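Since each chain comes alone in its own frame, lean on the hints to assemble the complex.
Protein chains in written order, with our numbering: chain A, 1 to 89; chain B, 1001 to 1151.
There may be inaccurate statements among the hints.
Derived pair list, reagent style DSS-like, types lysine-lysine, alpha-carbon separation capped at 27 Å [claimed, not checked]: (1) Lys1079/B - Lys83/A; (2) Lys41/A - Lys1128/B; (3) Lys41/A - Lys1121/B; (4) Lys82/A - Lys1079/B; (5) Lys39/A - Lys1079/B; (6) Lys39/A - Lys1112/B; (7) Lys1117/B - Lys1105/B; (8) Lys41/A - Lys68/A; (9) Lys1079/B - Lys41/A; (10) Lys83/A - Lys68/A; (11) Lys83/A - Lys41/A; (12) Lys1084/B - Lys82/A; (13) Lys1112/B - Lys1128/B; (14) Lys1117/B - Lys1128/B; (15) Lys1105/B - Lys82/A; (16) Lys68/A - Lys1112/B; (17) Lys1117/B - Lys70/A; (18) Lys1117/B - Lys39/A; (19) Lys39/A - Lys1105/B; (20) Lys1117/B - Lys68/A; (21) Lys1117/B - Lys41/A; (22) Lys41/A - Lys1120/B; (23) Lys82/A - Lys68/A; (24) Lys70/A - Lys82/A; (25) Lys41/A - Lys1105/B; (26) Lys70/A - Lys1105/B; (27) Lys1084/B - Lys1105/B; (28) Lys83/A - Lys1084/B; (29) Lys68/A - Lys1105/B; (30) Lys83/A - Lys70/A; (31) Lys68/A - Lys39/A; (32) Lys39/A - Lys70/A; (33) Lys1121/B - Lys1105/B; (34) Lys1112/B - Lys70/A.
None of these hints come from the bench; they were simulated from the model. Every value quoted in this text rests on a predicted model; they were computed, and no experiment measured them.
The lines below spell out each chain.
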Amino acid sequence: MKRLMFVCLYLLSSCASQEPIVQPSWPSAPSALFEPAEKLKPLGDDQHRLSDLIENANINYSQYYLLKEKYEAWQNWYDTQKKIWNGIK
Amino acid sequence: MFSFVVNHLLGHIPVWIWPFTAGAGCGAYIIAGILQNFPNFKPWMIFIRPICILVTVLGIFMYGGAGVVAIYQVQILAKENEIKVAQQASDDANIALGIVMSGQKTIVIQNKTEISKRIKKVQQQIDKDCSIIDAEAWELYNDAVYNRVTK
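Same shape as in the complex, but just chain B (with noise of 0.2 Å):
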């Protein structure tokens, strides 16, 4: 409620407005206490100068409140510019990680790429031992890959 009044009742009032209230309420303060002298007026004299006192009040709370916004806008403004300067630093910072992590991906593959080249030049080597693997050992490797947790 206090946050719909300060931004959309009060926010568009111009500030000049609360002085210039609190000065018109104490100068019609000042002008029924001159009409209070002659007869016709007294009778409404009685209920507006309390009423004076009121739009006096308020003028100056509401020149205080927007001294009090005044100095949050400030604040907010500079909360803000923090918050952009972090903004940036983290889009900075997910843009160096991107590319360390697409230079190690392409190190991970060249190996992977290099190793292969090399038992292809060797595989009749490495076959000659050994052409068929063990059935067990074959069941085993496989087992061993699978993740028992996600299968």
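Bound-form chain A, shown alone (with noise of 0.2 Å):
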């Protein structure tokens, strides 16, 4: 008898140790975010004008204004995200 005593305490300390888990996933980020990071141009060698220069260094500004919103956008996209993760763990 005490046997079975102590089978169902067993039993009954697993029914109150289990708890069901449900785990969010974390959620991925827009594909736009994934695309690889473009080199920027070099001066060609029928490049050799000032005018050349200054256009390539327009082309390269926007090469890195293009990254720089790709970086905010990461930090943005992982300030949200972590917000809403916080609020259903």
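What follows is the structure in structure tokens.
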């Protein structure tokens, strides 16, 4: 009878300790954020004029700004998703 | 093991079975007590009565377990609803971010195009004083362009 009581107690303790866990999955970021960064363009062999250099700088600056916006978008995305994630934990 | 028992075995048994089992065990115990008074049944009842007690205890225990499962199911449902709302908020945030990024990309590209047009307009004026840049300057510029980390 004592053994039976121990078995019952063990089963009861199992009921109390086994809580169901529902884990939300971490969301995926927009695909635009995964686009690889383009390399900066060097001056071509036939580009030796000052206007070529300025044009090249213009292209490279725009690359930088695109990457800057993407970098800030990653930060924005992470902050937003973290807030949502913390809200359900 | 516990989750397997709960999800695959106990989860499919209707809850009313357990109070019924407890009641049946209790009833059988009483009947066995009455039958114990008859000499023909007495030897059997010595074994049957403890079994009836076990069945009653099992019924009560499982009924309690079913109550716990019901509480967990309510909690799971609430959590799942919470996750659905969060998932929707996450998707909405992703869409909004995608729209913002697209707008920013358009602005940057428009600006680049605009500057290119302006350069073309004054190209002759720019190149008038410096038609060919110094070879050393050209090389330095290109060296600065390359990323030494990934090159």
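Next on the checklist: Going through the numbered hints above, which ones does this structure break? Give me the numbers in ascending order.
Outcome noted: As far as the earlier hints go, 5, 9, 11 and 27 are violated by this structure, in ascending order.
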